[in-house]
Structures are given as C-alpha cells and as structure tokens.
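Those protein sequences? They're chains R and V, same order as listed. Just so we're on the same page, the numbering used here is the position in the first sequence counted from 1, plus 59. Just so we're on the same page, the numbering used here is the position in the second sequence counted from 1, plus 868.
Be careful, since some hints might not be right.
[Claimed, not checked] Heads up, simulated DSSO-like pairs for lysine-lysine below, C-alpha to C-alpha not over 27 Å straight-line:
# : chain 1 : residue 1 : chain 2 : residue 2
1 : V       : Lys1031   : V       : Lys1050
2 : V       : Lys1031   : V       : Lys1043
3 : V       : Lys1031   : V       : Lys892
4 : V       : Lys892    : R       : Lys299
5 : R       : Lys305    : R       : Lys197
6 : R       : Lys197    : R       : Lys172
7 : V       : Lys1127   : R       : Lys172
8 : R       : Lys172    : R       : Lys292
9 : V       : Lys1127   : R       : Lys305
Source of the hints: derived by calculation from the structure; they are not laboratory data.
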Amino acid sequence: MVGNRVRRVEEAGEAGVIRVRWIPKYTAMERVFHWGHTVTFLALAITGMILFFPFLRPLAQGEGGHLIRLLHRASAIAYGALPLVYLILEPRRALMSLKSVFKVSRYDVDWVKGMIPYYMFARHEAMAPQDRFNTGEKLNAVVIILGSVVFAVTGLIMWFGKGFLPIGVFQTMVLLHDIAMIVTVCMFIVHFYLAVLHPLMWAGLVSMRFGVTSAAYAQEHHALWYYGPDKAKEIYEAQKAEHAAKAEQSSG
Amino acid sequence: MSRVAMLIDESICMGCRGCQVACKQWNDLPGEATTQQGSYENPPDLSASTWTRVKFTELVQGDNLQWLFLTQGCLHCGNAACVEVCPTGALKQHPTLGIVTLERDLCNGCGYCTQFCPFGIPRLDGDVLSGEGLAYKCNFCQDRVTNGLLPACVQTCPSGAFKFGDRAEMLAQGKTRVEQLKQGGFPNANLYGEHEMGGLGRLYVLKEAPSAYGLPENPQYPVMANLWQNAVQPLGTVAFGAAALAVMGFYFVARRNIKMEEVEW
C-alpha cells in the first residue's frame, strides 16, 4: 500500500499530496483525563460484569473473585478521583466544556434528525452545524457524567453501608448500580463505534490522541466552533437551499 | 430421599444451649469473648463463628412472665433468595434434600446473601475497606445428614425439642403438637414455616405469635432480587447484544455509502 501511494504521488505531482492544516482541539490534560477515564471505565465494566453475568461465574469464585472485587474498588477510586483532579488542574476549561455539554439548541434537534442520513448515507447537507462537541458527543458526556454520579452514590453506599443500612436500601442500590452499568456500557459501545470505527469520524481519534484536528474536518463537523454562530448558520442555510434546488431540478 | 426438615418445638426447649456447643464442635468454630448483657442469652447475636444460637425473649403479659426460647439459624427456605443472588454459586440448594449450603471455597465475600435474606441469617466476616471476607451460616450438617446421621444440634439436644427427618412427617408432627398446645393453655400456639418462602426447612412450634419471638410474620421473597435476576440481568444481556449488532449493521451500511475519496482532509 505504501509503495502504491508513493507512486501515485509521483504521477500526480503536487495534486497527489494531501495537505492538512491542523488546528488545536484538546489540551494535553483533557486527553490524559479522557484516556484515564477510558481505562478505568473499562476496568470497572469488566470486573463489574463478572459479578453481573451468570456465565462469567467461574471468574467470580473464590480467591479470583476476591481479587476481582478488590480491583473493582481500586479502579473505582481512580475513576472517581480523575474528574476531580482534572477539575482542579483545568477549572476554567472544565467548566467551559461542562457548560457546552449541557447546552441544548435547535441544532441538536437537527442533528438527531440528520443522524441516520449523515452517518449512514453520507448526506452531508443533512448535518446541522455543531459546536466543539457535537450532539452525539454531548449525549455521551451527559450519560457518562450522570451515570458516574449514580455509580458513585450507589457504589459508596454498597461499599460502606452494608450491614448498617436496611437491606432494602442495599438491594435498591444494587439494582440502580446495574441499571447505570447497562445504560453507560450501551453508550460506550455507540461512542466506540463513532469514535473509532466510523469512517467519516476519522479525525475524532486523531484529535483525542494528538490534540489537533484538521481544519477541513472542523469545518464540516464542528462548523459552529470553527466559524462562529452567524457564519455557521449562513453556510447551513445555503447548503440546505442548494440541496433543495438540486432535488427540485432532478425531480422536475 | 425427599425434602428434609428440622422441627424445633420451642415449648419443650429449656434454653440449655447444648445445640450451640454441638454446632461449634462439629463445625470446628471458635468460641467468642462476650460480656454480661443481663440475660442468659449468649453470645448476643449470630456471627461468622456462631451459626446457631438460642435467642431468649422475656414476654410480659400482665402478671405473667413467659420466657421464650428460639433456636436461630438458617431456615433453609424452599425458595431461597440467597442462592439466587449469589454471583459465585457458593450458595446452593441440595436437589432432593432441599438443604441450603455454602461452599466456602467458592465464596468471594460479596455479602449479597446477607443483604437479601429476609431472616438476616448469613453473616459476613470481612474487612469493610478491601471487601476481603467470607460468608457463614448453618448448613444443616449436610455432611452428617447425607451419611445417615442427625445434625449435631439435633443429636445433642437433651430436652427432645429437636426432631429431624422427612419434611412431610415433620409437618404432621408439628401440627399435632400445635393442637396439643392449643388445648393445653396456649391459644396462640402455631407452626411456623409450612408455607413461608416456599416452605422452610426449619420448622418451629411456637407458643406465641412469631413476632413475639422476633420472627417476621409474613416473610417475602425480596422484590429487588426478583427484579434483578428476572428483569435487569436479561435486559443487560439483550441491551449489549442489540447495541453491538446495531453498531455492526450501521458499519456495513455506512461502509457501502461513504466514499472516503470524496471526504476532505
């Protein structure tokens, strides 16, 4: 493949070279936090599921089970401490990200409408302009944040409240902990797909690794962030109008 | 062999606590250092090393004082919540005898059994911070029973309050005894455990209402255990499967429709 590409560049000359203008998207701290949270989330999910799914029972038994439960608790401490540490290290940026994640606008509704046409059929005009985090990323963040709060509260009650609290409380905590696990792991599966597997989202993984994204990618996927609200709206409307005109032409 | 049961006639029990001692001897359990609590009851509660214990209750009815004895220990439910919620399979029910046992080699100390038992019987001996620990409870001396012996507590009881054998036979004997007590001046006498929790393996002949002994009047299989085992667990399996399948489907559709040559870098 590499050989092929080199020959094509030689034949095509300058036109064969892909030139990418990189613009910063994530700070080093943001990336460390993201990947730290990923690793601890997966550690918690795996060790937790061993107690949850009956078919994983052999791993939950005896000394191995003791180790699994200990690892779950150790990972939980790291998982809970990471966002707090990040909040202390980059408080202004953290608050800015939190605000943008919980902000809902008309474009979020449009994103949901355009989700299938865009992500499955590559209809570019269906994509509403998005901020630094698109609606899907925001949804992922909201679900993970709220889920983590549920995990922390129910987990701490199960950890330190066993024997002191009425058994009904403990039982409810087990159930809520499990429901939060199901919701967040489903969210994780979708997030993994869009961030790692989906061909149009190629720059997502690059930016979470290197902190930069390509300008062309930002223009298409994060127009609101790249251009600002006024110009983004203008481009979006023009794009829609152009598409409508084309559709009319082809049908007429 | 059919389901077995222990019939404990609390109107005969004299509170000697021989059963406690026999239990500790057979199961090789250490004694506990306790303090005088103003009662002959000792130790104060079931624990990891006390699997059976005589609970002493002083019931005052007007000028009359009744001393009630209750031999506490696992009730070996027909429909045992602890067995259902145990994530390791350490807790299991004998397929024919119905005895609920705890295989300690498999236990990982999660303590779910202690939190789902409607009688509060299993005890966890462990460290709160690390969660290291093991659960303990009466196992009806299954090792003795399956070898044709009586459970240690039954064997040792000098008053004859304990009987052990075929559950139907124990139920019949218990009912006869309750009738006798009713006619003999104990109008509140009753047999505890015939239908509770799928029928208990430990049946009590009681002189007074179960609540007077501190037993739940109407123990229920925990709703949360049902929800957890029959709703949330299957839901989890289905949800992960559906999410993974959907994502794979999306991927193939997206791959067919998206031309990377047209994507701007």
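Verification of the supplied hints:
Annotation: proposed proximity of V:Lys1031 to V:Lys1050 holds, straight-line Cα distance about 20 Å (limit 27 Å). Pair hint V:Lys1031 plus V:Lys1043 holds up; C-alpha atoms about 13 Å apart against a cutoff of 27 Å. With a CA separation close to 19 Å, the supplied pair V:Lys1031 and V:Lys892 stays within the 27 Å bound. Between V:Lys892 and R:Lys299 the CA atoms are separated by roughly 82 Å; this puts the pair beyond 27 Å, and the hint is violated.
The suggested pairing of R:Lys305 with R:Lys197 is violated, with an alpha-carbon distance near 32 Å, which exceeds 27 Å. Of the supplied pair hints, the one linking R:Lys197 and R:Lys172 holds, its CA atoms being roughly 16 Å apart against a limit of 27 Å. Annotation: proposed proximity of V:Lys1127 to R:Lys172 holds, straight-line Cα distance about 22 Å (limit 27 Å). Simply put, R:Lys172 and R:Lys292 have alpha-carbon atoms about 17 Å apart, close enough for the 27 Å limit, and the pair holds.
Under the criterion of a C-alpha separation no larger than 27 Å, the hint pairing V:Lys1127 with R:Lys305 is consistent with the structure, at around 20 Å.
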